[in-house]
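Trainee: As a plain string of letters, each chain reads:
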Amino acid sequence: MAENIKSRSKAQSRQRVEGILGAMAILSLVAAWIIGATSVKADLMPAIRQAMPAADHFDEINSELYRAWADSTEEILLGYVALGEANGYGGPLTMAIAVSPEGQILGSAVAVHKETPSWMERVLDKDYLAKLLGKDYNDPFELGTDLDGITGATYTTRAMAEATLDASRSVAIFAGLPVDPQPKPRIVIGVPEIVLVALFAVGYIGKRPNFKYKKLIRWGSMLTGLLVLGFLYNSPLTITYINKLLLGFWPQWQTNLYYYLLIGGIIFVFSVDNKNPYCEWFCPFGAAQECMGAFGGAKVRSPGRYRDFLKWLQRGLAWAAILLALLFRNPGIASFEIFGTLFELLGSGVQFALLGIVLITSLFIRRPWCTYLCPLHPVEEFIRMTRKWILGLWPKTKTNA
Amino acid sequence: MAENKNQRITNLLPYIILIFALISTVLIATHIGQNLAAEGILQIEPTATAPIPADGLESIPTLPNPTPTLPPINDA
Chain A
1 MAENIKSRSK AQSRQRVEGI LGAMAILSLV AAWIIGATSV KADLMPAIRQ
51 AMPAADHFDE INSELYRAWA DSTEEILLGY VALGEANGYG GPLTMAIAVS
101 PEGQILGSAV AVHKETPSWM ERVLDKDYLA KLLGKDYNDP FELGTDLDGI
151 TGATYTTRAM AEATLDASRS VAIFAGLPVD PQPKPRIVIG VPEIVLVALF
201 AVGYIGKRPN FKYKKLIRWG SMLTGLLVLG FLYNSPLTIT YINKLLLGFW
251 PQWQTNLYYY LLIGGIIFVF SVDNKNPYCE WFCPFGAAQE CMGAFGGAKV
301 RSPGRYRDFL KWLQRGLAWA AILLALLFRN PGIASFEIFG TLFELLGSGV
351 QFALLGIVLI TSLFIRRPWC TYLCPLHPVE EFIRMTRKWI LGLWPKTKTN
401 A
Chain B
1 MAENKNQRIT NLLPYIILIF ALISTVLIAT HIGQNLAAEG ILQIEPTATA
51 PIPADGLESI PTLPNPTPTL PPINDA
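Going down the list, the sequences are from chains A and B. The numbering used here applies: residue 1 is where the first sequence begins, and numbers increase by one. The numbering used here applies: residue 1 is where the second sequence begins, and numbers increase by one.
Bound conformation, chain A alone (with noise of 0.2 Å):
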């Protein structure tokens, strides 16, 4: 009986003190999110130099378009540069466009980008740049058709294309050329979009009580999350969308289905249903550790005593990455999932040990990634932890009524 109190208001002190560790977080990132809002902006002059380096000078016409003159007596005007913007990756990204006054592409430099670095010298060092060039501003710089994209970086390159295309647009409205109207932007949907419509339909079946095929559907859902989603597609669930989410780059829809439904369908099911439809279902990096398990003959393994410790790991490393995304408006900066070093064998020397170390763990620990590491698992804690506390206020609102 004593001792059956006593671990009772053990548990209520522990829950206490999470409480305020979980109130006090929640406040850092509020006060992240402020101090980065409210931060002095890049300056963009060295990107609008880059773009036109043939330039003597710049006259700012408005703070988005430039005119560059060859002299400093201002006689020969070799052109425009203009700042496009567009939704990449990790964000927002401006481009500074170098324009002739017929409206030919001459230059381009990137002024401000939110992507993975990474992902971003890999963009660079293929001379994406390039490409660009001599194009006008009438083109249609659609990825697939009049531009190539970059395997395993197609959000960051349209992005590129787009604030291209947006920023040839207005030198050519201010220089009073003929502008065919810009058409509406088409709903891209292709084989990602419709795996992960068809993996949330399989995990929904597929956790209904007393299925009986729920091992064999479970195994066939990992697999495709694992090859689709995975090595063909590159594109697992990261602490970047979600950094995205708060920080309030919300791509456009039309272009970026697969974000809205991946997230969408998450929270819809979260709210709903009160089970997590992705981790166990269909994340293609939680299946490449369950794979490696089979293999070695994984289990669920105690941390013994050091669980808590492990829990609170976990927790600070979600929020150092969601602090410092907030802190730099930058979503991808401490992101530090090696999803796309397994899928796209990118990342640094420091990326592939640890992908080494998770992988030989993952032999004989149940999926050590999502126990002790992965940064969406606090937050999947905390949407749990917040729908409990909703659904406890709603019957008082009720009585109240």
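If you're looking for bench data, these hints aren't it; they were derived computationally from the structure. Ideal Cβ placement from N, Cα and C applies to all residues, glycine included. Check before you lean on any hint, since a few could be wrong.
Stated by the list, open to error - Sample of chain A residues lacking proximity to chain B, with all beta carbon distances greater than 12 Å (derived): (1) E3; (2) P101; (3) N138; (4) L345.
To be verified - Derived SDA-like pairs (lysine to any residue); straight-line CA-CA distance at most 25 Å: (5) A:K299 / B:I23; (6) A:K299 / B:E3; (7) A:K41 / B:L42; (8) B:K5 / A:I360; (9) A:K41 / B:Q43; (10) A:K311 / B:N11; (11) A:K41 / B:I23; (12) A:K311 / A:L345; (13) A:K41 / B:A37; (14) B:K5 / A:K311; (15) A:K311 / B:L18; (16) A:K299 / B:L13; (17) B:K5 / A:G296; (18) A:K311 / B:Q43; (19) A:K299 / B:K5; (20) A:K388 / A:R14; (21) A:K311 / B:I23; (22) A:K126 / A:A47; (23) A:K10 / A:K299; (24) B:K5 / A:A294; (25) A:K299 / B:I19; (26) A:K311 / B:E3; (27) A:K131 / A:P178; (28) A:K299 / B:R8; (29) A:K311 / B:I19; (30) A:K311 / A:L346; (31) A:K126 / B:A37; (32) A:K215 / A:E280; (33) A:K299 / B:I16; (34) A:K184 / A:I173; (35) A:K311 / B:I41; (36) A:K311 / B:A29; (37) A:K41 / B:L18; (38) A:K299 / B:Q43; (39) A:K207 / A:E193.
Assemble chain B onto chain A, guided by the hints.
Mentor: Frame of chain A; chain B shown alone:
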């Protein structure tokens, strides 16, 4: 005997998991640091060391050249 071995492994597991998590955290922190440095947010100063000569050998401090002043020879 086998049970004993299994028990020993089970006892070691919390430590293995702890080591896994700690090493991974160090790697994650390094990766985040690298990202911040790539963005110019974090500046990693190189350690100040004495310049190494081109031949790779430590430079030997040069001593002042002793130039003894001899008294003028008087031929006369």
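Trainee: Each hint: holds or not?
Mentor: Going through the hints against the structure:
1. E3: Given a closest Cβ separation of 24 Å, the condition holds.
2. P101: The claim stands: P101 of chain A keeps its Cβ more than 12 Å from every Cβ of chain B (closest is about 35 Å).
3. N138: Holds: least Cβ distance 36 Å, greater than 12 Å.
4. L345: holds (16 Å)
5. A:K299 / B:I23: holds (21 Å)
6. A:K299 / B:E3: holds (18 Å)
7. A:K41 / B:L42: holds (18 Å)
8. B:K5 / A:I360: holds (21 Å)
9. A:K41 / B:Q43: holds (19 Å)
10. A:K311 / B:N11: holds (20 Å)
11. A:K41 / B:I23: It is violated: about 36 Å lies between the C-alpha atoms, which goes past 25 Å.
12. A:K311 / A:L345: violated (29 Å)
13. A:K41 / B:A37: Holds, at about 19 Å.
14. B:K5 / A:K311: violated (28 Å)
15. A:K311 / B:L18: holds (11 Å)
16. A:K299 / B:L13: holds (12 Å)
17. B:K5 / A:G296: holds (18 Å)
18. A:K311 / B:Q43: violated (31 Å)
19. A:K299 / B:K5: It holds: about 17 Å lies between the C-alpha atoms, which stays within 25 Å.
20. A:K388 / A:R14: holds (18 Å)
21. A:K311 / B:I23: Cα-Cα ~15 Å, so holds.
22. A:K126 / A:A47: With a Cα-Cα distance of about 19 Å, the restraint between K126 of chain A and A47 of chain A holds, given a limit of 25 Å.
23. A:K10 / A:K299: violated (30 Å)
24. B:K5 / A:A294: holds (23 Å)
25. A:K299 / B:I19: holds (18 Å)
26. A:K311 / B:E3: violated (30 Å)
27. A:K131 / A:P178: With Cα atoms ~24 Å apart, K131 of chain A and P178 of chain A stay inside 25 Å; holds.
28. A:K299 / B:R8: Judged against 25 Å, a Cα distance of about 17 Å means the pair holds.
29. A:K311 / B:I19: Holds, at about 14 Å.
30. A:K311 / A:L346: violated (29 Å)
31. A:K126 / B:A37: With a Cα-Cα distance of about 23 Å, the restraint between K126 of chain A and A37 of chain B holds, given a limit of 25 Å.
32. A:K215 / A:E280: holds (12 Å)
33. A:K299 / B:I16: Distance of about 14 Å is within 25 Å: holds.
34. A:K184 / A:I173: holds (18 Å)
35. A:K311 / B:I41: violated (29 Å)
36. A:K311 / B:A29: holds (17 Å)
37. A:K41 / B:L18: violated (42 Å)
38. A:K299 / B:Q43: Violated. K299 of chain A to Q43 of chain B sits at ~43 Å, over the 25 Å cutoff.
39. A:K207 / A:E193: The given pair, whose Cα atoms are some 21 Å apart, holds under the 25 Å limit.
Figure legend: structure checked against the earlier numbered hints; hints not met, in rising order: 11, 12, 14, 18, 23, 26, 30, 35, 37, 38.
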